[in-house]
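With chain V's structure known, arrange chain U on it following the hints.
So the protein sequences, as listed, match chains V and U.
Residue 122 is where the first sequence starts when you use my numbering, and the numbers rise one by one after that.
Residue 6 is where the second sequence starts when you use my numbering, and the numbers rise one by one after that.
Just so you know, not all the hints are guaranteed correct.
[To be verified] Among chain V residues calculated to face chain U with C-beta under 7 Å, some are:
no., residue
1, Thr-199
2, Asp-200
3, Thr-227
4, Tyr-231
5, Asp-232
6, Ala-234
7, Asn-242
8, Ser-246
9, Ser-261
10, Gln-282
11, Ala-287
12, Thr-470
[To be verified] Now the in silico label distances, taken between C-beta atoms and shown as ranges:
no., chain 1, residue 1, chain 2, residue 2, range
13, U, Thr-189, V, Gly-293, 49 to 57 Å
14, V, Glu-472, U, Cys-184, 54 to 62 Å
15, V, Asp-289, U, Tyr-188, 45 to 53 Å
16, V, Lys-192, U, Asn-187, 45 to 53 Å
17, U, Leu-264, V, Ala-407, 13 to 21 Å
18, U, Ile-113, V, Ser-334, 26 to 34 Å
19, U, Met-268, V, Ala-407, 46 to 54 Å
20, U, Ile-139, V, Asn-434, 51 to 59 Å
Just so you know, these hints were derived from the structure itself, not from any lab.
Glycine included, every Cβ here is placed at the ideal spot set by N, Cα and C.
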Amino acid sequence: MRNGKFRKTMAILLAAAMAFGGLTACGNSSGGKKPSGGSQAADSTGGAADDSNGGAQDSTGGASAETRHHKIGVGLYTDSGKGVEAVKAYCEGISDAVDCEFVFTTLSTYDEATNLSEIQNLISSGCEGIIMTADMGTTSIVQECQSAGVYLAGFLCDYNQSMNTAFDETFGNEYFLGTVCDGMADVTPYCEAVADEIIAKGYKNIGVVIFPSYAYPNQTAGAEAFKAKIDAYNATADAADQITVADPVELNFAPLEDTYFSEHPDMDCLFSLAAGAGMVYPVMVANGKTDIKLYTTGFEGTDDTDNFGSAGNQCYQGTMFSTPEAIVYPLCLLIDRLNGTVYSDLPKTTERVECSPMMLLSDEDMKAVVDKSIYYTADYSKAFLSGEEVVQLCASYNPDATYAKLVETISHMGVDDLK
Amino acid sequence: MKKLIQNDRLRAHSGSLLSYGGLALCLIVFSILSKGRLFSAYNVGILIQAACVYAILAMGAIFIYSMGYMDISVGAQVGVYCILCILITNATGSLLLGFATILALALICGLINGYVSVMLGLPSIVTSIFLNSIFGGVQMLLMEWVDTNSVGIQYDMSFLKSITAMVTAIAVIAVIAVCLYNYTQLGKYTRAIGANEKAAQLSGVSVTKWKVLAYIFFGICIAVAALFLTARTGSAGKGTGTGYAMDIMVALLLGGMPLSGGMRSRISSSLIGSFTYVILSNGLTLSGVDTSHVYVIKALVFLAVILITCRKREGVLPR
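Next up, chain V with everything else stripped away, as it sits in the complex (with noise of 0.2 Å):
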């Protein structure tokens, strides 16, 4: 009798918890909205300007278009680190100045019914535009959003899989408006400046790792490229300085295994395309040895930043990331859609466009990045581009606004741009 009463009373405050945490939530997600008007946006503006004391400043003057409110669902890759952080800190800062509320969720990199199910809900939950950044199940997503009435488009994605495989379903589909790549769609450029760096750097037996190629084609497009600019060198240097390059490791989506550096006991650097800040770094720490010096792709901000170039054990000597800014190609066309209008130069064929990578191989790289970047201090003030900004982007509230300025302004967000 006192278990049943024990029960019933656990049962009733943790439904009671449940329910305060829903609620407080629900508070939250719509906390700070503005009444949507032509009114608000001025306010909006105002609002912006006060938060940016830096870089996401408003260089229109103030922002004097009427704004139409909409709300807009994110789909990340995963749910927490930087990226997630300064995504949600960026949407977060322009949200008042082009009166978008974003609401996000988890996506899956593997899994087409967990992404169908999750736009579903967003659609469920009234956004009116989607941004995804997985293409797991986009033929489906593109046939829900339509018939729904819902525009769709991407960000941090190439969006290779529906490009390559399903382009009249997607591209083709007047509900999918695009999408920006991770950086850049062809890794080549980062792979050939690898390869100068480690030439410039005398290292001498390089390991190469990569992602399957049917999961990541780009990735061995890219290692290859390497090898071939380390072979163009190789065929004009003194047989002393020649560069030993291993034939590529696919990691099948899981850590390096232990043995790679027992069967590379030479090795003295390493060039990982495949995340090594998650697959590989540790598994160095492991086996003691980050006397290795590693290049890679992606930024967690922990470990890859107290041991990058002369920081730390220095194992950490070039990545190459991509900047949260970019979301505005993405947000930029499905405002304009949502507000009927399109740029004068759209092109007929919905893009995948490519955005400047942010490339770490200097201390002063990142320095750049950790004391100017909103990716590393999730700080809307040190945005590339501020709301108002955003807003002038758009055809819809600004009609010089073009697409070639869209396109123009997101490959601007380097590093070089930070300095």
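Chain U alone, transformed into the frame defined by chain V:
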């Protein structure tokens, strides 16, 4: 006297009534928090879509859980069946052939799961671990073979994607499952095995036979679920099916299923649990809950539902 009978009836059915508590709680709380969006036509449609695969799998899995066993290979099996169904259908243009193939495979796996474990004297979970590894490897090999991250079906499966088709499928499987579970020896003996396998065996019950039959029915459900999952997403890849084993277990627990099976097992747990599980995820998004709070709230709800649906006086969890 009459009152006593009514009280006895009420007591006898209190477990069944309480098992609806979790679902009712979710419906009430989320309908308020979502400002009525939970019951919008669109949302009801997507709830059915999302719950369809879980419900079909759970209705098959209940026969296994009733015996006090569990099958962790279900996710990997679903993944491989989806890929195979797509590849065979794309190659032959016949969805029927694709489905027939995965159905045959599912039956063979059910046979292996049930029979081999008895023959070798292994716990069923061991054979399911073995099958899980095999299917996980096959899934990876298939994706490497097709040299892509995700393979799409070229057959129009929109008729299976419709809400009508999914509701019909759930209803048909539910009717079959209820009949088998409540009105045939299969249901009676699987529960008896879960209550006390040794006693069932000494009473003349052929444990091997009923175990194999239970796994075969589960296999059929897996094949049907894979077909509807393929219809829903139109594609499959290396991660398709991941997490289903755990999801099904959680769904059944949410529905009030005792983990150790036995005579208190009820077929309704599968449907109640599947819908509760789906409504939970859907409701949290509709309520505007931040993604960082979702896991904590899900855990709280899970615990609350378990406490509400708990039927044993001497313990908290339904064991």
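Do the hints match the structure? See the list:
no.: 1; hint: Thr-199; result: violated (10 Å)
no.: 2; hint: Asp-200; result: holds (5 Å)
no.: 3; hint: Thr-227; result: holds (5 Å)
no.: 4; hint: Tyr-231; result: holds (2 Å)
no.: 5; hint: Asp-232; result: holds (5 Å)
no.: 6; hint: Ala-234; result: holds (5 Å)
no.: 7; hint: Asn-242; result: holds (4 Å)
no.: 8; hint: Ser-246; result: holds (5 Å)
no.: 9; hint: Ser-261; result: holds (5 Å)
no.: 10; hint: Gln-282; result: holds (5 Å)
no.: 11; hint: Ala-287; result: holds (6 Å)
no.: 12; hint: Thr-470; result: violated (21 Å)
no.: 13; hint: U:Thr-189 / V:Gly-293: 49 to 57 Å; result: holds (52 Å)
no.: 14; hint: V:Glu-472 / U:Cys-184: 54 to 62 Å; result: holds (56 Å)
no.: 15; hint: V:Asp-289 / U:Tyr-188: 45 to 53 Å; result: holds (51 Å)
no.: 16; hint: V:Lys-192 / U:Asn-187: 45 to 53 Å; result: holds (46 Å)
no.: 17; hint: U:Leu-264 / V:Ala-407: 13 to 21 Å; result: violated (36 Å)
no.: 18; hint: U:Ile-113 / V:Ser-334: 26 to 34 Å; result: holds (32 Å)
no.: 19; hint: U:Met-268 / V:Ala-407: 46 to 54 Å; result: holds (50 Å)
no.: 20; hint: U:Ile-139 / V:Asn-434: 51 to 59 Å; result: violated (41 Å)
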